[in-house]
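Colleague: Listed here are the chains, written in short residue letters.
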Amino acid sequence: MSTSDDTQLVLSANEVHLLRQLSVQLLGLLEEGTDAVVERLFPRVIRSDAEEDRDARLLIHQDLMRERLARLGEVLGVLDVDPGQPVDLVDDQPLLLMGVLNDLRLSLAVQSGLHSPAADREELDDDGRQMAALMDWLAWWQERILRLVDPDALRFYDEESDLSA
Amino acid sequence: MSSSAPTAAPVVDPDVTTGDETTTEGPWDVIVWDDPVNLMSYVVWVFRKIFGFTEPVARKLMLDVHRKGKALVASEPREQAELYVQQLHGHGLQATMERSR
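Chains A and B supply the protein sequences, listed in that same order. Okay, so the first sequence: first residue is 1 according to my numbering, each after it adds one. Okay, so the second sequence: first residue is 166 according to my numbering, each after it adds one.
Just chain B, same shape as in the assembly:
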């Protein structure tokens, strides 16, 4: 994110809720990756807008992205994970999804 060099390390956030247990495929993790352009304040706002996080939770996840290179922001059934990734991409964030391990 803008204003300092990114770092890289995996992170699992204990605050993130798990997805629908009824799906046969299992949940998908939505991961946001660091980039040197998006503003920290903007990323906090995007997390709050899309996920409804409180400011402290959004800030913690933003700082995880910034300092560790990425952060797990949601774990949901595939369709919901796709929607989140679409929204994150729409806001210019680099987000991917992968099957939860």
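In isolation and in its complexed conformation, chain A is listed as follows:
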């Protein structure tokens, strides 16, 4: 995958296929609505009170579910190109794609167990390693888009010498 200019992406046929496959899978999970992935994408709103949290989540997450489904639908439409053809992104589509890429990373993290702070990549099974590699690929692409829409967001990489402190 590469960028040819600010709004045009060049993806291989395999990359388009993979992104579409992951997006369709996420769409299914969202429509089903009961998976741990859904729990991660629609987390708690109020930690201190379960009843207040339930009410707040109902209020906040109904709209958010509609937004996520619409975003996924638009990105799937954008990715509906002939093999080898560039993917043109217009208006807010780069941001929609970045949001979907992040949702896909979160989804893969839950499915592989990497969403847990205690998770260790070295202990993943083959499926988990495959998902971790996909997460890295999606992260790389997220930062390519970030570099286009807000290069300042990556500035700290050059200035922070010790991020693990």
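None of these hints come from the bench; they were simulated from the model. In this text the structure is predicted, and so the values were computed from the model without any measurement. Where hints are given, some of them may not hold.
[Unchecked claim] Label pairs and their computed distance ranges (CB to CB):
1) Pro86(A) with Glu244(B): 36 to 44 Å
2) Lys214(B) with Leu58(A): 22 to 30 Å
3) Glu123(A) with Leu248(B): 37 to 45 Å
4) Glu244(B) with Glu67(A): 17 to 25 Å
We put the CB at the ideal spot given by N, CA and C, even for glycine.
Fit chain B to the given chain A structure using the hints.
Modeller: Leaving out everything else, chain B in the frame of chain A:
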């Protein structure tokens, strides 16, 4: 956040403005919690996009989340706090709200 292990400690950011004084309920704090998946650069961008923070402020808050486990990113009347949490959840961040103390 992605790229190193999270830590945990409370944090109060002096840069964050307080909410509307006319509300009877008082302001609610919006808190973003660390997670091992979201990219640091992405979190900086989300803070800049949603709150309009300058890059240094967004970076400081992102690093607070990363190093201390959480950061207070806004203190606002309930309706605005809910909107912020909705936007943060929409971007995949783990955000909660609680009554300001």
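Colleague: For every hint, state whether the structure bears it out.
Modeller: Quick rundown of the hints versus the structure:
1. Pro86(A) with Glu244(B): 36 to 44 Å: Given a distance of about 43 Å, which is inside 36 to 44 Å, the answer is holds.
2. Lys214(B) with Leu58(A): 22 to 30 Å: holds (26 Å)
3. Glu123(A) with Leu248(B): 37 to 45 Å: holds (40 Å)
4. Glu244(B) with Glu67(A): 17 to 25 Å: For Glu244(B) and Glu67(A) the Cβ distance comes to about 18 Å; the hint holds.
Every hint from the earlier list agrees with this structure, and none is contradicted.
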